[in-house]
Amino acid sequence: MKILIDVVKKFKNRNKSNFVLKASLEISEGLTVLFGHSGSGKSVTLQCIAGLIKPDSGRITAGERIFFDSLKKINLPPQSRRTGYVFQEYTLFPHLTVAENIAFGLNNLSKKDKSVKVDEMIKLMRLGDLGDNYPHQISGGQQQRVALARALVTNPEILLLDEPFSALDIPVREKLIMDLLKIKDEFMFPIILVTHNSEEAYQLADKVAVYDNGEILQVGTKDEVFYRPKNRSVARFTGTKNIFKGRIVRLENSEAEVRTDLFSVKMPLKQWFDLGKEVEFCIRPENIMIVKPGKDLSDNLKENVFEGEIVNESCRGAAYYLEFKIETKEKKFNYDLIVQVPAHVYQKLDLKNNRFAKVSLKKDAIHVFE
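Each residue of the sequence shown is one higher than the one before, starting from 1 at the first, in the numbering used here.
Certain hints may be false.
[Unchecked claim] Calculated pairs, DMTMM-like style, for lysine to aspartate or glutamate (alpha carbon to alpha carbon, straight line, at most 20 Å):
#, residue 1, residue 2
1, LYS182, GLU257
2, LYS2, ASP185
3, LYS277, GLU370
4, LYS182, GLU29
5, LYS12, GLU29
6, LYS325, GLU286
7, LYS111, GLU89
8, LYS72, GLU89
9, LYS363, GLU200
10, LYS266, GLU255
11, LYS292, GLU252
12, LYS362, GLU257
13, LYS73, GLU100
14, LYS292, ASP261
15, LYS22, GLU215
16, LYS184, GLU257
17, LYS12, ASP56
18, LYS325, ASP261
19, LYS182, GLU215
20, LYS302, GLU313
21, LYS230, ASP350
22, LYS182, ASP212
23, LYS222, ASP185
[To be verified] Label-pair distances were calculated between CB atoms; the ranges are:
#, residue 1, residue 2, range
24, ILE74, SER139, 23 to 29 Å
25, LEU76, LYS241, 54 to 60 Å
26, TYR321, LYS111, 51 to 57 Å
27, GLN137, ASP223, 28 to 34 Å
28, SER254, GLN88, 32 to 38 Å
Simulated from the structure, these hints should not be mistaken for lab results. Computed from a predicted structure; not experimentally measured. The C-beta atom is built at its ideal place from N, Cα and C for all residues, glycine as well.
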């Protein structure tokens with residue numbers, strides 16, 4: 001089923017003063033992530049699809065069904081849209097048990113059929129013997145699984161998830177992400193997830209829509225968005241911290257040499273630019289390699305090699321982020337590159353602050369903005 005969204009919604013209240021959402025998006029089966037900073041319009045889009053917010057103008061369709069059409073004056077109520085919605089705060093009913101919360105939307109079934117459906121969901125969401133417990137008696141991760149079960153039990157055509165993992169600690173979040181991947185494979189319907197976590201977005205998404213201040217900057221597969229961002233804003237949002245301006249000083253076949261204030265790099269060009277043209281380009285931290293002393297490099301790595309110093313470091317779980325200062329007379333910034341290395345490489349090469357090293361920028365990983 002294909003979902004088509006083309007809406008405008010204006011807010012004039014105190015919290016969203018002068019905020020305008022302009023969302024135009026096509027969503028198919030699989031998991032689509034609405035990604036961007038808080039307040040950029042992601043959750044508003046979700047609520048427009050669910051019927052919790054009425055757009056000012058536009059149209060929303062799901063397959064042959066019209067959810068909203070401002071010209072035809074159609075606005076289906078939420079209960080008629082067959083969407084499952086999971087909120088960030090879980091919103092479980094505190095006076096109902098786990099089983100009663102899951103069964104809440106099954107009004108048209110017999111008691112026996114309700115029980116069968118609830119048992120199926122309890123098994124699917126690994127809730128074991130928690131059916132008779134109340135929300136305050138179970139953990140945050142278990143509450144979120146109950147919320148997911150309640151959304152799925154009514155056999156929705158679309159599953160909407162509004163930052164469902166943000167309030168959970170890392171081990172619980174990782175388990176729930178695996179649950180969601182299992183749901184994606186088992187239920188062949190569109191899933192739309194709102195998040196501002198780039199790792200979450202990349203781990204889960206088949207498709208990503210990047211939001212900023214009410215507008216969608218780029219839509220594509222996760223590799224297109226993360227590794228071939230459309231512009232500087234998308235690159236920054238998705239964690240591409242190494243962004244440069246330069247001038248093309250040499251063109252040969254489909255390769256260019258670009259000179260910046262700090263260095264010259266060689267890169268492939270997927271579109272044609274004239275000699276002397278100014279361009280912006282980027283490379284993700286994980287695509288910059290620390291060169292092991294004495295190592296022979298392949299052609300893809302040996303041309304963009306720079307010497308310098310590690311001037312700062314931070315550990316983020318299984319990876320280290322190194323601030324690298326290239327040896328040059330230019331001293332504009334405290335560092336010139338952010339390099340991401342796996343923890344085992346960091347330890348094996350004994351990388352530390354104030355250590356000198358060589359780095360290589362992979363030619364094929366350098367992306368020139370449109």
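What hint numbers does the structure not satisfy? As far as the earlier hints go, 1, 5, 7, 8, 9, 11, 13, 14, 16, 19, 20, 21, 22, 24, 25, 27 and 28 are violated by this structure, in ascending order.
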